[in-house]
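Peer 1: Heads up: the protein sequence lines correspond to chains A and B, in order. Every letter in the first sequence is one number past the one before it in the working numbering, and letter 201, counting from 1, is 201. Every letter in the second sequence is one number past the one before it in the working numbering, and letter 218, counting from 1, is 218.
Any given hint might turn out to be false.
What the hints assert, rightly or not - Pair by pair, the computed Cβ-Cβ distance ranges are:
{"no.": "1", "chain 1": "B", "residue 1": "F187", "chain 2": "A", "residue 2": "E85", "range": "39 to 49 angstroms"}
{"no.": "2", "chain 1": "B", "residue 1": "I125", "chain 2": "A", "residue 2": "N39", "range": "48 to 58 angstroms"}
{"no.": "3", "chain 1": "B", "residue 1": "E245", "chain 2": "A", "residue 2": "K135", "range": "44 to 54 angstroms"}
{"no.": "4", "chain 1": "B", "residue 1": "E245", "chain 2": "A", "residue 2": "A213", "range": "20 to 30 angstroms"}
{"no.": "5", "chain 1": "B", "residue 1": "I71", "chain 2": "A", "residue 2": "S18", "range": "40 to 50 angstroms"}
{"no.": "6", "chain 1": "A", "residue 1": "S134", "chain 2": "B", "residue 2": "I71", "range": "41 to 51 angstroms"}
{"no.": "7", "chain 1": "B", "residue 1": "V221", "chain 2": "A", "residue 2": "R15", "range": "42 to 52 angstroms"}
Unchecked claim - To spell it out: a stretch of chain B is covered by chain A in this simulated footprint if at least three of its residues, at any positions, have a beta carbon under 8 angstroms from a beta carbon of chain A; those stretches are:
{"no.": "8", "region": "5-11"}
{"no.": "9", "region": "17-26"}
{"no.": "10", "region": "90-102"}
Simulated from the structure, these hints should not be mistaken for laboratory data. Note that beta-carbon positions come from the ideal geometry of N, C-alpha and C, so glycine has one too.
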Amino acid sequence: MNAAININGLSHAYRDTSVLDSVSFSVLRGNCFIIIGPNGSGKTTLMRVVAGLQRPSQGEVSVLGEDPRKNPSIYKSMALVPEDEAIYERLTAREFITLAARLAKVADPDASTQRVLETVDLVDSAHRRLGGFSKGMRQRAKVAAALVADPEVLLLDEPLNGADPVQRAALIKLFNQLGDAGKCVLVSSHVLDEVARLGSRVLVIAQGRLAAAGDYHALRDQMDDRPHRILVTADEPRRLAAVLIERAVIDGAHVTDDSVEFNTSDVDGFGRQIAPVARELGIRLRGVNPVDDDLESVFRYLVEGR
Amino acid sequence: MSGAVAPLRAIAVTYRVILRQLVTTGRVIALGLIGVAVAVVGWAVGRSNEPFEFIRLENAVGVVSLVAFTIVVPVVALVFAAASLGDTREDGTLVYLWLRPMRRWTVVVGAWLAALTVSVPLTVIPVAVTAVLLDVGGELVWATVIASVVGVIAYSALFVLLGLLVKNAIVWGLAYIIMWEGVVAAFGSSAAKVAIRGYTSSILTARTGVELQLGDVSQAVGIVVPVVIAVVALALAAIRLDRLEVA
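From just these sequences and the hints, can you work out the full model?
Peer 2: Dropping the structure here:
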């Protein structure tokens, strides 16, 4: 089975700054692939190079067997939803989507426009100018414009930005349906919680490099196995730390006057035991908060092993 | 390019979109006021009591050459043509034309036609009215209309290209109009050969018989060369667009 997207040794630099460094991967048709990475990791640049908007400094990009920089006719079968809010502010949503339909040689642009307006739930606002749209509505209009030509390959750069929880759920369901329908869907996100719902196959980009790739759940396990730091505020932090160390629940602790930062590689075990141990010792817990659960920490672990 | 949108359809759709983005009330009013100011100058000069017909004609051609072809035509063309693709490049909306299965030259031509659609009435009408108010006969009016159409065609193509080459194209374009078309070209005949104003002045000279500093080629050359400049500028703009890194 031929890959819909094939990236080989891709590097990209702005002047002397490397943004992407030797990235290689393939995405088959019928796959919904998620690119995750912290802000500034190179996700948007990767999307733009795959879309042909930017030329790679090194390496090869092939979409449906074609180099998008050399063959613009590929855009009949490929669409990008850019992250930027930029949009034709003086056009209505319907005009914007119809424009995309006409320029993609869609057989019945008006009917196709109506179909995708319904898909993204913008029918009631279709007559309004895009300049008056919220960020979430603009995103949905851009998604509709990308879908109107029924592309084989769909690139979505942070498509859930600005969407409210209901719209977010609807869009996630839509992207999964597109993958199920045999489309190649490449979605970027910097929000880990979205990833599990978007699909099971992920690419982790950090500092311009491909840090990890594969099944999301395996990756998540790998993330969960890393050492965690948890800040606990309690009445007697020193006594609490001593007992937890004695019972091998934690690997180490750093105690201050009213709090203690625990290191543990078994975060689930820690979660199960901290409250019963505190109750047993008569210690009142005032707060239990992970201090390294942000995305950057996860990527730091994956990339640098710390 | 197989599978591409038909060129005429691509040009028409690009034209409509860019025209909608270009025509803002602020731009039209500001540039319309320049036209009104020029017409007022024409009216004031036309009311002078100069008894000699030829001196009146010389004065009138001088006014048209100065205010119409060093200010109105290049500046109006600059504002709309540089914005046609330059603004879309800078505000990020170029991506919606780039990511379409169509030839890049059709985008350039659509943008140029959109710029012309706004620039032609905003230049030709006020400068023609100015020529009428100068009250020296129909030949100056015709010469002004022909030269302004030729000028706006060439300047628009040149400034569409400029909008794709540099950021802040308005600033660079004004520098070009003032420094090259206004100053450098006035000092040397070779420089005038590569200044559009030299050709518009030649049309005025050829049709009115009034010698102008830069008007030293025939009317035919004065028309053909700016058209060639426009074609070359549009071709270069298409190549530039094709090679552009769309941010």
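Peer 1: So which hints don't hold here, by number, going up?
Peer 2: Violated: hint 3 alone.
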